[in-house]
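J.: So the protein lines, in turn, are chains A and B. Position 222 of the first sequence, counted from 1, bears residue number 222 in our numbering, the numbering being contiguous throughout. Position 154 of the second sequence, counted from 1, bears residue number 154 in our numbering, the numbering being contiguous throughout.
To be clear, the hints were calculated from the coordinates, so they are not data collected in a lab. You can trust all of the hints, since none of them are fake.
Residues on chain B that point at chain A, a partial pick, calculated with CB under 7 Å:
1. 217
2. 218
3. 219
4. 222
5. 226
6. 229
7. 230
8. 232
9. 233
10. 236
11. 237
12. 238
With a Cα cut of at most 30 Å, we get these calculated BS3-like pairs of lysine-lysine:
13. A/137 / B/235
14. A/274 / A/500
15. A/400 / B/235
16. A/310 / B/235
17. A/268 / B/235
18. A/342 / A/199
19. A/310 / A/333
20. B/235 / A/313
21. A/319 / B/235
22. B/216 / A/400
23. B/235 / A/274
24. A/342 / B/216
What follows is a list of derived Cβ distance ranges for each label pair:
25. B/278 / A/393: 41 to 49 Å
26. A/173 / B/232: 24 to 32 Å
27. B/277 / A/59: 49 to 57 Å
28. B/159 / A/56: 52 to 60 Å
29. B/295 / A/240: 51 to 59 Å
30. B/137 / A/342: 29 to 37 Å
31. A/65 / B/278: 53 to 61 Å
32. A/31 / B/143: 50 to 58 Å
33. A/393 / B/295: 23 to 31 Å
Yeah, the Cβ is synthetic: ideal placement off N, Cα and C, and Gly gets one too.
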Amino acid sequence: MENNAVKMEGIVKRFPGVLANDHVDFEVRTGEVHALLGENGAGKTTLMSILAGIYRADAGNIYINNRRVHIKSPRDAIKEGVGMIHQNFLLINSHSVAENITLGYDRPRFLLKRKKLEQEIQEIGQKFGLEVDPQAKIWQLSVGEQQRVEILKMLYRGAKILILDEPTAVLTPQEVQELFSTLRRMAQAGHAVVFISHKLEEVMRISDRITVLRKGRKVATLATRDTNPGELARLMVGREVFFDIKKSPPKPGEEVLAIRDLHALSDKGLPALKGVSLSVYSGEILGIAGVAGNGQKELAEVISGLRPAKGGKVLICGKDLTSVSPRRVIEEKVAYIPEDRKGVGTVGNLSVLDNLILKDYRRAPFSSGTFLNLRYIRDHASSLVEKFQIITPTLETSAKLLSGGNLQRLILAREISCSPKLMIAVHPTRGLDVSATESVHRMLLEQRENGAAILLISEDLDELTAISDRLAVIYEGEIMGIVEPKEVTLEEIGLMMAGKKRKMLESSEVTS
Amino acid sequence: MSLVLEKRESSSPLVNFLVPVLSVLFALLLGALIIYLSGFDPGVAYMEMLSGAFGSGYAISETIVKAIPLMLCALGVGLAFKTVLWNIGAEGQLYMGAWAAGWVALSFPQGQSWWLIPLMMIAGFLAGALWGLVPGILKASLNVNEIITSLLLNYVAILWVDYFVYGPWKDPKGYGFPFTPFFGEGAWLPTFFGTRVHLGIVFALFAAIIIYFLLKSTRLGYEIRVIGENPRAAKYAGMNIFRNIIIVFIISGGLAGLAGMAEVSGVIHRLQHAISPGYGYTAIIIAWLSRLNPITTVLVAILFGGLLVGGFSVRSIGLSESLVYVIQGIILFLLLAGDILTRYRLSWRGRS
Ligand SMILES: Nc1ncnc2c1ncn2[C@@H]1O[C@H](COP(=O)(O)OP(=O)(O)OP(=O)(O)O)[C@@H](O)[C@H]1O
Ligand SMILES: [Mg+2]
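Put together the whole structure using the sequences plus the hints.
T.: The structure is reproduced here in structure tokens:
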């Protein structure tokens, strides 16, 4: 008999208006990495939140090590050895790594010797390849390191079953590699690992078995070696999925965005942009490639008016819009899909309807003078929900209850509906399932057809090379070179991302 | 074993309704115990309280008289809270509104003109708004904590009024008591049906309806909701946060100022020491319990008006005044505790 670390049986979870889990059976064996796949809103996070004690199932049983358990809270879960690492970390920035790891932990603090604690953390870290300095403060760490702290925290509390909800979405390729070797080591040490991701290639690489959910139901559990990405996509979506995108040849028009020698500071007050110059033309997609934290966020914020420039110019359709208010930029029909969907792009506690007018509410016909035109707004919102296939029980549903993919569709729907001249898209497909990713790509290409200029900031090289017309590589706040994706190899891009400047040899290839 | 609070996934309508009701009942039970221990019959005391607050036409009218300033203050406070601006200064804003209205009234002792009351309203609103503007500007421009500034300004306002009623404006025929002469009758708000219920009730109901529609269907209301829930998204949407903070403080303070105007013009008919028994503070609780909904605020304010009036009438059976405040305190305390229970769930955690 297989040794099931976890067995969930007939799990049902209803939310108002949605059946998030519909009699789901799910098993994870000791010593395996088990991938959980499914479209946005399929119920992956919900199922795992039930196991981790965040939600209570309406029906169904949970067995851990073949013993029936009743998990009513995250504390119960950790007592049973279940630890979940969420996509947005729950760390306290001003505290040290060691303090964060012990925070809220039941073991009486005064019995813990700091030296001993730090030593323990380092031991666990070494065992699993999770090295971090226990004395470092959280704010000093990169996103990848913060994730390690979250994993360490769970391991320190004795988790034997680790759930990682889309852990790779925020990591660089290098960090993904390190995470995977950690996951392998944990599995070898007899832990059970549940890994949620939308990237089929990653799932194929790391998992031993795969469970696929669709619309709240389990459709299959397969051994990874017996399947392939095509089959997985089909199981998830319920139909054939095509991976290649049809893209017409570029017809670049006039210059929409011109950035000249732009300088800006990061949140920590350090130089983040050091003389960036770029142009984006109507009808083209300019991709920005680079490892996270090399100035991409600052670039998007300066253009959209959220961050002042320290030098240089931002011109949109010839108008100088350097360091003007966000409102001025919006009025120039600049759409901005921010990286942080929940913290910046939407208002979680307000309704889908309210969120859909965030950019438009002040202009006619959404409002006239003082008053909002509620009837028009409602019609507009329901047509967007339909056109962009935002899955929501009602227009009054709080945005925070939408699944990741649907939230992103909401933002896209809003930003595209103002027929932008310039669109800044930052990680627009992060966390989206295959078909949602495909539909975002289609929408961006559609905007390009309509003559919008698009600045696409992403870490996903496949995405960048697939849909951009030109690719700029950014490193430490400087542009290393601008190339045509077809003309370079991934290695060359990789080298530029690591700081190698490309000589101007592409100038002979690009038609001006 | 330890007791912990767990956030509820969502609070059901039943819980939302039941918890306040149960907490009032529980508070009454505790209060009964205290009344019994001090040698009175709780049943009699409660009946007295109820009939004192709602038992007759007169009782209800008195309850409404007390509810008027509570409504106006709570509506203003609630609007500020909605924007996540903790305006604790309604009490001071009320005093300043009363003072400014009194100043106008005393300047025209013979005034019978139609414009006197509108002028007092404008003066009251503006003075309250100005008092709200101080913490508002400090918050919006320098990010000074508005809880502290608005709270401390309460004391300034109360002492400001005291200076005038003990000093320059003191009634020479008042045997040295700290009040001004009565306003001319032209400065009295009209009352209804021979009760003390005055035109202020119309201001309050009007304000509730305006705020309801302001939040629901105006651009300003939309901005207030977005800024209150997520200032970063508001910036991203190009909203002017500075301007909104200022506007909210003006409305919030202005409504409290109007409450002060209504209180002196409709009830007291002059300025005096201690115009308000803490309306501005009770308003904070009312705003909170009504979940910042302007319509609910009106109803909750009437309940609290009843609590004040009922508490007052229990004294007639000999229950001491402080005991009445104890009971009121218990009710408030348990209502707030109950409010937490609608958002969180209590559960026992064992340690194994
Ligand atoms: N607290 C909640 N209240 C109401 N509905 C919810 C809640 N949490 C999730 N849902 C809904 O339940 C469904 C399943 O959501 P869940 O977050 O589990 O999906 P998911 O598979 O993790 O999707 P994603 O890949 O986008 O993260 C969605 O339709 C979502 O809108
Ligand atoms: Mg999820």
